[in-house]
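Asker: Assemble the complex: chain W is given as a structure, and chains G and C must be docked to it using the hints.
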Amino acid sequence: MEYKVSLGPQHPALHEAISLRMTLDGEVIRDADLKLGYSHRGIEKLAEERSYIQNIYLTERICGICSHSHTTCFTQGVEQLMELVPARRGLYIRTLIAELERVHSHLLWLGVAGQESGFESFFMYTWRDREVVLDILEWISGNRVHYAMNTFGGVRRDVDELQKKKILDSLGLLKKRTDYYLNLAASEPTFVGRLAGVGKLSRQQAIDLCAVGPTLRASGVPMDVRKDDPYAVYDEIPFEVSTADSCDVLGRAVVRVKELIQSYHIIEYILNNLPAGPFKVKAPRKVKPNEVYSRYEAPRGENVHYIRSNGSEKPERLKVRAPTLANYPATIAMLKNGFIADIPLIFAAIDPCICCAERLVQLDDVRGGGRVLRFSELRAMANERAKKIDYTKKDIAWPF
Amino acid sequence: MNPETILAKIQGDLAACIQDAALVAPRRIQLKARPEQLTAVLARLKETFGIAHLGTISGVDLGENFEVIYHLSNADVTVSVRILTPRRDPRIPSVCPVIPGAILYERELQDMFGLVVENIPDPRPMLLCDDWPEGQFPLRKDWKFERPAEIIPGGK
Amino acid sequence: MIERLVHWSRVKSPWVLHLNAGGGCNGCDIEILAALMPRFDLERFGVQLKGTPRHADVMICTGAITLQNRDRVLRVYEQVPEPKFGVAAGACARAGCVYRGSYHTLVGIDQLLPVNAYVPGCPFRPAALIDAVVKLLNSVK
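Residue numbers (my numbering), protein chains in the order written: chain W, 1 to 400; chain G, 401 to 556; chain C, 557 to 697.
For reference, chain W alone in the conformation it holds in the complex (with noise of 0.2 Å):
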């Protein structure tokens, strides 16, 4: 018997709007289908009325956990175009910028992991400690969420002694906070045991469906826009890119977490080779006709911005492709043959940021006759499952 399910487009735990239509047969999903379009807002046709500059305040408006991406890899995009090379203080802010972010947006994905696996003070520990890095966000930008710090030529604003001796003290909290975390995750089988073998997605799954950034690493892929196409200061950095051969959701917990690591030694070694000089320098205000293709390794993987110029202040083309969008039909392929009770643990995985796919997808009742079930229910049946797990199972353990 079959039936057919679709959750969203309001759902209480993704707080985003898609909707996820699902042919279940018995527990098992058959074929799962996603609908978008309720969150798309038209930024491309917006960011042609609007002049370059006024374009950073909208790409920084994609995305509110990874406003930085957007804003660099536009901003970098059109520095290209407009053949401008950025100080390089400016560039060091930039990339410290762009790793806070990802150890909080990386931070909050652990705690949302944690709750969608039934740990919910774990989600609580994450979140707390992610007060950190956005206390850290707020000296050196004075936002929370838009940093505002990108602009044509560097940054807009400079990070003095003061602030690097606060951010080198606090970086050592979150060391030590991370540390806990990882032999508290290592330490709690329910949690390793949840995670593993769940949403797998093979290594040739994962390159024909294009998915980018921990989705694919996860599955052995080692691409990383910082290592293959280095931007900003990269090049000079030293870093290793994270990957695992386990192709399920531990995997990408993995990832991350190695990640957020690697993120830790980047702002260190940054914050004690922060080069002298100016901060920005000065940039034209009309852009040659030209074209670019921009990449940016996001916290989500590979962020894509194409800009075409036509001489005048306003952009002739923006297009904008978030990392999420590149990860659907991947998430499409792991849900298939999953569990029903699997769905919001391999939703969380990719770590769905909708409205940055859409700039231009929530879980719903039921439409045209069906069983209606709500996110809290299945995060219960997800739970109720994860009871059954045989947890003396040997062959599972935290790799770390």
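Don't read these hints as lab results, they were simulated from the structure. Each residue gets a CB set at the ideal place from its N, CA and C atoms; glycine is no exception. Treat the hints with care, as some may be off.
[What the hints assert, rightly or not] Which residues of chain C face chain G? A few of them, derived with a C-beta cut under 7 Å, are:
{"#": "1", "residue": "623"}
{"#": "2", "residue": "624"}
{"#": "3", "residue": "657"}
{"#": "4", "residue": "659"}
{"#": "5", "residue": "666"}
{"#": "6", "residue": "668"}
{"#": "7", "residue": "672"}
Answerer: Leaving out everything else, chains G and C in the frame of chain W:
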């Protein structure tokens, strides 16, 4: 492999179906293809060079024509393959048989530019709302939006 | 007597529904969650975040309403039992922010629903949200 070698190899290998291949910026290769040969070019890039990751597909309205650009990348280089399609009969072939991950980008092109993607596995509209009028394509340059008058609560 | 009891409990412990109207940038949603986290702890005022509109007294709306989401937002609002209060949180919900002039959004929540309180900021700080909730409750008293 460095970008120059890849460019030389592409020029040698695909000479019959591409024009104007050039290295326009560090690690950025651009080339032109004819729409009917697009899938062959992409398949060749994927098999011979491992350039399989489709970043995105950008559409640009050039007035007489639409330009559609496929941005592909691997660990060394990003290749932008561009094709032109006339405005009065905008048709492009679907690349989903070669790159299954292209489906959402192709559906987006259909919605925003009104391009007809031939043999697309899933032709449903994706982004615009359910009651969006037929034949309106927001990213075309001649499409303008008039904001309706606002209601001011409490009325002034 | 029962009415007074209901009123008292409503003021002392409002249950809140958080609704993303679609066309926002997500920053406000994160800040609402941050307001419920240990640092700001909105729950000490008795405010509890609920998942379903049928349990809620106050609906906090973030983001500009997208055309696709318009009917869904209305449906959710209608499910909230009377008396209900609408809060437009963030610049997009108040007047559209950068999405003003977009073909796929309405400029502000108040074009569609009655709004009792506006929270300014892009995004607002969690403290501003707490202030809005407290002011709203004082006005209900």
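Asker: Given residue 624 (chain C) as an interface hint, is its Cβ closer than 7 Å to any Cβ of chain G?
Answerer: holds (4 Å)
Asker: For the restraint on residue 623 (chain C), tell me whether the closest CB of chain G is nearer than 7 Å.
Answerer: holds (4 Å)
Asker: Please verify that hint: residue 666 (chain C), Cβ, nearest Cβ of chain G, below 7 Å or not.
Answerer: At about 5 Å, which falls below the 7 Å cut-off, the nearest Cβ of chain G leaves the hint on residue 666 (chain C) intact, so it holds.
Asker: Does the nearest C-beta of chain G fall within a distance shorter than 7 Å of the C-beta of residue 659 (chain C)?
Answerer: holds (4 Å)
Asker: Holds or violated: the hint that residue 672 (chain C) contacts chain G, with Cβ atoms closer than 7 Å.
Answerer: Constraint on residue 672 (chain C) not satisfied, violated at 11 Å.
Asker: When the nearest CB of chain G is found for residue 657 (chain C), is that gap smaller than 7 Å?
Answerer: The hint holds - residue 657 (chain C) has a Cβ within 7 Å of chain G, the shortest such distance being about 6 Å.
Asker: Would the stated hint for residue 668 (chain C) survive a check requiring a Cβ distance to chain G of less than 7 Å?
Answerer: Status violated, d = 9 Å.
Consistency note: the structure conflicts with the earlier hints numbered 6, 7.
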